[in-house]
Amino acid sequence: MIFSPALALDPISQFKVQKWIDLRLGGFDISFTNASGFMLLGVVLVIAFFGIAARRGELVPSRLQSAAEMGFGFIADMVRSSSGEEGLKFFPFVFTLFFFILFANLIGMVPYAFTTTSHIIVTGALAMSVIVTVVVVGLLKNGLGFFKLFAPSGAPWYIYIILTPIEIISFLARPLTLALRLFANMLAGHIMLKLFAGFAVALVGAGTIYLPVALLAFGMGVALNALEFLVAGLQAYVFAILTCVYLNDALHAGDH
Amino acid sequence: MIFAFLAETAGDADAGAAFPPFETWHMPSQLFWLAILFMALYVALSRYILPKLSDTIEKRANRIAFGLDEAARLNNQAVEARKALELRLAEARSKARETAEKARVKSEAELASETARVDADVSKKLEAAETRIKRLRSDAMKNVEAIAVDAAEAMIGKFGVKATKAELGKAVAKALE
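If you're matching them up, the sequences are chains R and X in order. Numbering-wise (this note's numbering), the first sequence opens with residue 1 and increments by one. Numbering-wise (this note's numbering), the second sequence opens with residue 1001 and increments by one.
Take the hints with a grain of salt, since some may be wrong.
Straight line, CA to CA, 20 Å or less: simulated SDA-like cross-link-like pairs of lysine to any residue [stated by the list, open to error]:
#1 R:Lys16 / X:Ala1084
#2 X:Lys1106 / X:Ala1090
#3 R:Lys16 / X:Trp1025
#4 R:Lys148 / R:Leu180
#5 R:Lys19 / X:Ser1094
#6 R:Lys16 / X:Ser1094
#7 X:Lys1142 / X:Val1172
Don't read these hints as lab results, they were simulated from the structure.
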């Protein structure tokens, strides 16, 4: 392949899925790809981090154990404050979601790494798992009372004509927004990073005259990098806290 | 803006270079591996790691609570011991004051009685001495009278005057007064 600035600047190629091991299962292509590989890396890193940190169980924790316990406390507080004591049943689920997404996002920050959360199928599946959990828990816990969610009590009857469709639409939009928010943030962020970084390199290659502009682009790249680290943490947090909020709706559908 | 960009790029998919997140061939594989890996992570965390972590945190909280309780208990004990000590100290102090007071009173009484005794003794001795002095003086005076009478008899004898002892005694007594 001939190197060309245009190729270097292609911000889309980083999202390309490539087969590492060809696998088939009942007519489906379940090949182990670079996406699967980096997902596996994230899972292994989460397990390694928390496994090693939790193994000793010291009363006076090491730095690693302290960090793991802070993560534990952070998610536990989040679940408790957003879905109440009852929500703690779903603490492992929210914990898994948060660290799965956080590690996927952070691994994506390493140059040449694949960002698993930049694929809508992945974020969509995660969002669906949340919504399915919410609906199943809501129906099991409240029976048909779960549908009170669409008609919050305390409003005059004519308000419900407008309110109920809005509530239904907003409920149906939840998996979509949950999936799209994470997907679009990761995708857009990585495209921007690649564009500015590639632009800086291309400008240096184009001649010394463009050096100041190249430096400007490089500076933008550095700033965006910092921003993307923030986004990586923030989006994992948003995904987890929205999960807690939705679970709260399922657990306390009749309360409002 | 992003979505416009995505749509445009996705539109290009027909032209050959598909937009990877919207390609469909890898979706079964993505779902398959996501399901397996997410489940694996969930099981590993919820079965082994999180219980262990929460166990440790709980154990520490218990230990701290126990330590605080123990400290409160010991503190109470110390406060009580100090109270008891203060009580005993006050008791001992008042007893000491009482004893000292008693000793003072006793010694003062002793002193007073001793002084009185000594005073009486001294005044008795003084009296005895005074009567003795009086007696001695009167004896001495009698001697002086006798001497004066003798002397006066002798002197007037020299002048050739005669007088009786009685007369002389009367005169001497008059002169000595």
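Taking the hints in turn, this is what the structure says about them:
Distance hint between R:Lys16 and X:Ala1084 is unfulfilled; the C-alpha atoms sit about 82 Å from each other, more than 20 Å. For a cut-off of 20 Å, the pair hint linking X:Lys1106 to X:Ala1090 is broken: about 24 Å separates their Cα positions. A threshold of 20 Å between alpha carbons decides the hint, and for R:Lys16 with X:Trp1025 the separation of about 12 Å falls inside it, so the pair holds. Distance restraint check for R:Lys148 and R:Leu180: the Cα-Cα separation of roughly 27 Å exceeds the 20 Å cut-off, and the hinted pair is therefore not satisfied.
Between R:Lys19 and X:Ser1094, the direct Cα distance comes to roughly 97 Å. Violation of the 20 Å bound is thereby established for this hinted pair. The suggested pairing of R:Lys16 with X:Ser1094 is violated, with an alpha-carbon distance near 96 Å, which exceeds 20 Å. A distance of roughly 11 Å separates the Cα atoms of X:Lys1142 and X:Val1172; the hinted pair therefore holds under the 20 Å criterion.
Hint check: violations occur at hints 1, 2, 4, 5 and 6; the rest are consistent with the structure.
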